[in-house]
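Given the coordinates of chain A, assemble chain B onto it according to the supplied hints.
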Amino acid sequence: MKAGKVLLKTLLVFIPVILVWIFIAAFPVYYMDGEYSYFTQVKEYRLGQSKLSPCDILILGDSRAKSALIPDEISDSCISLAEGGSTSVEAYFTLKDYIEHMGAPEKVLLSVSSYHFTSFDGFWTRSVYFDFLSSKQAAEVINTAKGFGEQAALKEAGGDSLLTLFEYKIKSPTKYMSPVINSFGENRKEINEEAYQEMLDSKGFKSFVSWWPTSAEHDMESFEMLKTLDYYYRKIIDLCVENGIELYSLNTPLISTTFEDAKKISDPFSKYFKELKADYPESEYPDVHIDTEFFSYDEQYFDDADHLNPKGAKKYTAWFCDTYLNKGGAS
Amino acid sequence: MNYISLLFFVLLALVVLFYYVLPKKAQWIVLLAGSLIFYAYASYIALPVLILETLAIFFLVKKMEKSSRKKGFAFAAIALLVLVLILLMYVPALWKSSFFTGGIVSKLIAPLGISYCTLMMISYVVDTYRETIPAERNFAKLLLFALYFPSITQGPMNRYGDLAPQFIKEHSFDSKRAFLGLMRFAYGAFKKLVVANRVAAFISAVNSNQKAAGVFILMDLILFMLQLYSDFSGCADMAIGMSQILGIDLPENFHHPYLSRSISEYWRRWHLTLGSWLKDYIYYPLSMSPLAKKYIKSGKGSKKMRIKLVSSIAFFILWMVMGIWHGTGIMFVFMGLQYAIVFIATYLLEPVSKKFAKNHPKLEANRLWKFWQQLRTIFLLWPIFLNVSSPKALGNFVTRIFTSFHAEKLFDGGLLKFDLSALQWILLLIGFLTILIVSNIEERKGEHIFEIVLRQKLWIRILIYWFVVIMILLSLSVQNTEFIYAQY
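Protein chains in written order, with my numbering: chain A, 9 to 339; chain B, 33 to 520.
Derived from the structure by calculation, the hints contain no laboratory data.
Quick caveat, the model's predicted, so the values are computed rather than measured.
It cannot be assumed that every hint is accurate.
Within a straight-line C-alpha distance of at most 20 Å, the following computed EDC-like cross-link-like pairs (lysine to aspartate or glutamate) qualify [stated by the list, open to error]:
| hint | chain 1 | residue 1 | chain 2 | residue 2 |
| --- | --- | --- | --- | --- |
| 1 | A | Lys163 | B | Glu514 |
| 2 | B | Lys201 | B | Glu168 |
| 3 | A | Lys17 | B | Glu483 |
| 4 | B | Lys139 | A | Glu164 |
| 5 | B | Lys243 | B | Glu483 |
| 6 | A | Lys183 | B | Asp451 |
| 7 | A | Lys282 | A | Glu254 |
| 8 | A | Lys183 | B | Glu514 |
| 9 | B | Lys139 | A | Asp168 |
| 10 | B | Lys56 | B | Glu382 |
| 11 | B | Lys441 | B | Asp451 |
| 12 | A | Lys13 | B | Glu483 |
| 13 | A | Lys323 | A | Glu307 |
| 14 | A | Lys13 | B | Asp206 |
| 15 | B | Lys98 | B | Glu168 |
| 16 | A | Lys214 | A | Glu307 |
| 17 | B | Lys139 | A | Glu158 |
| 18 | A | Lys17 | B | Asp206 |
| 19 | A | Lys163 | A | Glu232 |
Excised from the complex, chain A in its bound form:
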């Protein structure tokens, strides 16, 4: 056998791999679950690739923020770009891209739960996996984490972070075969189209019922904040200050059981926000408003240990508008 013939034979053997690879890279809506469309919708919007026009008020943060603040109740020109599992990293790049492509909004409502200051949570499983962050942005986060000596916290099991990022970016079957298999027997294209439309209709608001019985605070022994996440949180504030955006850093309400669980971390958590507040005093930064304490709502306002239900979201959104927007006069 000549080398050329071997190469040809090897290519013939690997035809299924080539076909699967093309499918993975070209047709994500056919195998990804519905959450993919939530992220895609936000990504397209922040990059100016969506039909939606720019809004005056942006909601950023994680799933608690997404389920707690109802854009339509706040303003006609408000949209939620919060996403499940997001930390300050995703919120920062969302805002940065938005300003670049859509212009600066008037106000930003930012809420990240305590757990999302201690874990990169959805960085790999959502932000990189759904291609929500660009290669450059993800690599920047990895290098920042390395700079703070937090590469271990960011590392996906079994590999170097930059290499893992490369595998995701080239849509390696080693990373995407799982949803392909799980999509067997399901019409995921339809699921994705519905999810996309749902996000457009609700302007990014969504109620969640998570399958786990307890909240993230239940398992947290202490509040060990990652420096990288603090770094990006501060970058969001700086970005707002630079662009004359009013920033509301909020803590969404907790259900009583979670509130009890959170007591063991409430002191350092509040301390962090108090320090942040001291670094951005209202006298010097009148547009930066920072909530510092945990607080709770009655059980009837929740459907699980983490997220407010629509009734709870209405109550919290109304409270927010009354406390900040109506008081401040700008709505």
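Here is chain B on its own, set in the frame of chain A:
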């Protein structure tokens, strides 16, 4: 660096490229560079320790060759190797101290391939002492022997006399051989990804579920045998396959062990290179030591009995070493003890079983009887101690099997609650049947499956290759776990 990762494929492709493009005299240097990169990626902190250890052995053996006190140098070299192994593997595990849990020290604990490397270097020292091989004159070549990347993860365990000449030999690219090597590698990946990883996912889910019914625990314990074999032999296939691409023959490590009809036959088929190492460097030196010979010749009682006693003691030590070599917990001692008892009992009862076989030739030829013998062997060598962390955990498993078996849960959807969907179970079953069929074909024909495949018509060959490739692709959905033996 896992053998089934993009990074490793890039490394392997570069090694193969430079290996055949650069002048042939530099081929071993390419292998050394590849091995150093591979090891440094796994543990750059442990690499200097292994280099220094190899350097020490290199000088000690060179000194030994010229010295009149050969025994002293050989003893010193072996003591050094054993000491490093004890310090890096056993001391941190047995002496629970914060000293081992943080910083650089924690990264030195049980580095990749340390157990394999130690045994291979001991064989090098003993073989040069016995003058069956000359001492290596080039330190870099000895280092390549110690760190050779295709086999450092979990063998096969090489002998210097077999491997070193192949490193020096100049290899030309042989496309048929390379293709066969690639297929062997793919079949190893098939065993690991299609079978071992799926079983690992199920076992991990059962082991972490305190409420799992007894029926699943029994399945867990039985399936562990399948995981162990497909993981371990899959890795050996990959190591042999990639070496084949490089023109290097590694020794076979498995020969369908679960088709064995007796304990001794099993050990002639399972982890062959460890078995032959234990025989050559533990069993023979003990059973043929001056002390043993003196006792056999002593004339006290029957000579046959004295030989049996000496052999039994040697077997006992051999199996205990085998158990302890595998790991640091008490369960590994139990495993050694289990094999020692089974093996010595089989050895002592050998005349009875031989007589039985002679008196019942028809039964010996009976398929059902053969199957029973295979089943009995598998049951006796059930690697139960490798799957549980402590006697307490084993006791807990056994109690749950007997007190809450709940066979009905197998059929009411309970089986699907342990990380494997119905589709994953079907794929696992297909993988298992494939290994079983391939084993039987290879056993009957006496040659490797891909030699047989190569003689088939083109379309059949393509269908077979695609089957392997598609099964591997479908198995990328299951989390790829580390190789079980990589920790030894």
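Results of checking the hints against the structure:
Proximity of lysine 163/A to glutamate 514/B is assessed by CA-CA distance (about 16 Å); at most 20 Å being required, the pair is judged to hold. Only pairs whose Cα atoms come within 20 Å are accepted, and lysine 201/B paired with glutamate 168/B is accepted, the gap being roughly 15 Å. For the proposed pair lysine 17/A and glutamate 483/B, the alpha carbon gap of about 16 Å is at most 20 Å, so the pair holds. About 19 Å separates the Cα atoms of lysine 139/B and glutamate 164/A, which keeps this hinted pair within 20 Å; it holds.
Proposed proximity of lysine 243/B and glutamate 483/B is contradicted: the alpha carbons are some 48 Å apart, above 20 Å. At roughly 18 Å between alpha-carbon atoms, lysine 183/A and aspartate 451/B fall within 20 Å of each other, so this suggested pair holds. A hinted pair counts as satisfied when its Cα atoms are at most 20 Å apart, and lysine 282/A with glutamate 254/A qualifies at roughly 18 Å. Taking the CA atoms of lysine 183/A and glutamate 514/B, the gap is about 17 Å. The hint holds against a cut of 20 Å.
For the hint linking lysine 139/B to aspartate 168/A, the alpha-carbon distance of about 16 Å falls within 20 Å, and the restraint holds. About 52 Å separates the Cα atoms of lysine 56/B and glutamate 382/B, which puts this hinted pair outside 20 Å; it is violated. A hinted pair counts as satisfied when its Cα atoms are at most 20 Å apart, and lysine 441/B with aspartate 451/B qualifies at roughly 15 Å. Only pairs whose Cα atoms come within 20 Å are accepted, and lysine 13/A paired with glutamate 483/B is accepted, the gap being roughly 18 Å.
Using a Cα cut-off of 20 Å, the hinted pair lysine 323/A and glutamate 307/A holds, with the two alpha carbons roughly 13 Å apart. For the suggested pair lysine 13/A and aspartate 206/B, the alpha carbons sit about 12 Å apart, so the restraint of at most 20 Å is met. Using a Cα cut-off of 20 Å, the hinted pair lysine 98/B and glutamate 168/B holds, with the two alpha carbons roughly 13 Å apart. In summary, the hint linking lysine 214/A to glutamate 307/A is supported, as the alpha carbons are separated by about 19 Å, within the 20 Å threshold.
Distance hint between lysine 139/B and glutamate 158/A is fulfilled; the C-alpha atoms sit about 17 Å from each other, no more than 20 Å. For the hint pairing lysine 17/A with aspartate 206/B, the CA-to-CA distance comes to about 14 Å; that is within 20 Å, so the pair holds. Between lysine 163/A and glutamate 232/A the CA atoms are separated by roughly 17 Å; this keeps the pair inside 20 Å, and the hint holds.
Hint violations for this structure: numbers 5, 10, all remaining hints satisfied.
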